[in-house]
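2 protein chains.
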Amino acid sequence: MRKGEATRQRIVARTANLLNKQGYRSTPVSAIMEVAGLQKGGIYRHFDSRTELTLEAFWYAVARMRDRLATALEGHKSATDQLLALLDIVGNAPRDQAFGGGCPIMNLAIESDDADPKLRAAAREAMNGLIGIFERIIAEGMQQDEFSKKNARTLANSMVATLEGGMMLSKLYKDARYLEAIADELRQRVRSGFR
Amino acid sequence: MRKGEATRQRIVARTANLLNKQGYRSTPVSAIMEVAGLQKGGIYRHFDSRTELTLEAFWYAVARMRDRLATALEGHKSATDQLLALLDIVGNAPRDQAFGGGCPIMNLAIESDDADPKLRAAAREAMNGLIGIFERIIAEGMQQDEFSKKNARTLANSMVATLEGGMMLSKLYKDARYLEAIADELRQRVRSGFR
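From first to last, the protein sequence lines stand for chains G and B. Going by this note's numbering, the residue at position 64 of the first sequence is 64; the numbering climbs one at a time, nothing skipped. Going by this note's numbering, the residue at position 4 of the second sequence is 4; the numbering climbs one at a time, nothing skipped.
Since the hints were derived computationally from the structure, they do not count as laboratory data.
Put simply, identical chains are the same to the list, so a pair is met inside one copy or across any two.
Mimicking DMTMM-like on lysine to aspartate or glutamate, the simulated pairs with C-alpha atoms at most 25 Å apart in a straight line are:
#, residue 1, residue 2
1, 21, 175
2, 174, 135
3, 118, 175
4, 150, 185
5, 174, 125
6, 149, 185
7, 174, 96
8, 174, 116
9, 40, 56
10, 21, 180
11, 174, 52
12, 77, 180
13, 3, 34
14, 150, 175
Go ahead and model the full structure; you've got the sequences and the hints to work with.
As structure tokens, then:
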């Protein structure tokens, strides 16, 4: 790895945590300079614009979350077990560094939906990916007769919406039990095969 | 009403819409000056600080939403009918000007949870109020044997989390159907008495 590339990746990693906590749009460049340990010129030597850095930091946070979910799925064969494994990870998110600052997709969605089409497009793309993970497993479970045959996408939307809302409450109250109780409720729905 | 008071209220009303769309923390004062039609000095003649204006604008948006929900409850006696009336209002929120920019409580929660304790305290207080509306109705429905006897607060948390998540998806995709489908699912749970 060239030295410039290493510096670039270090800026992205440090900025990712900062922006997911302090806001993708509202964090001042001065705060980025501080966590990166660089002057403004040093940062913009590696990124064409604030938006480019914001997007790279966002995708870094999304990839970290997605890796956590992908790892959780390993070794689980049935759709039921796979969904339960996802719920274990997401239900424990308030205590998990990979979710520091909450779900980056929801955070960027809320900040960008009416305010920044470029950032919103990234949030949509990432949300499609997240919902898609749930949708594929649910559809597979329907094919295998683990789950009652409904619209897999609608069920996936609902699971993700419920988990994101639970995450928001746990983050707001700094109390992991909100999301845990919601994950428990979803576990029951999964175990009952969405009947 | 004194002239100063009328001006103050006009600033709050115009700022409320702006901040709920463009961000409670990330909106620059220049944008507030533009919607208020005032110079910076003209705004700060009425508010001690940006935080004071932000909080007043937030509570204005919350009151507008709460009025909408309170009006919806009028004339409905059973807990089931009351919850269904709330779901009609919230499920239609993407088409309702009273929810312009989405739910102000979720918006402020996401922006403030890790970033601003003063704003977060306001978001918590408003969220307590919103969840409390659902909780009281659910508890009443349990007393009247409309609903199965569970923890009313947990059910209220779950309903609000699911609706907020659905609102987030509808706002992100600019598609009212996400929230509508989620409201439909909750209607079924209410009609089945949370069994």
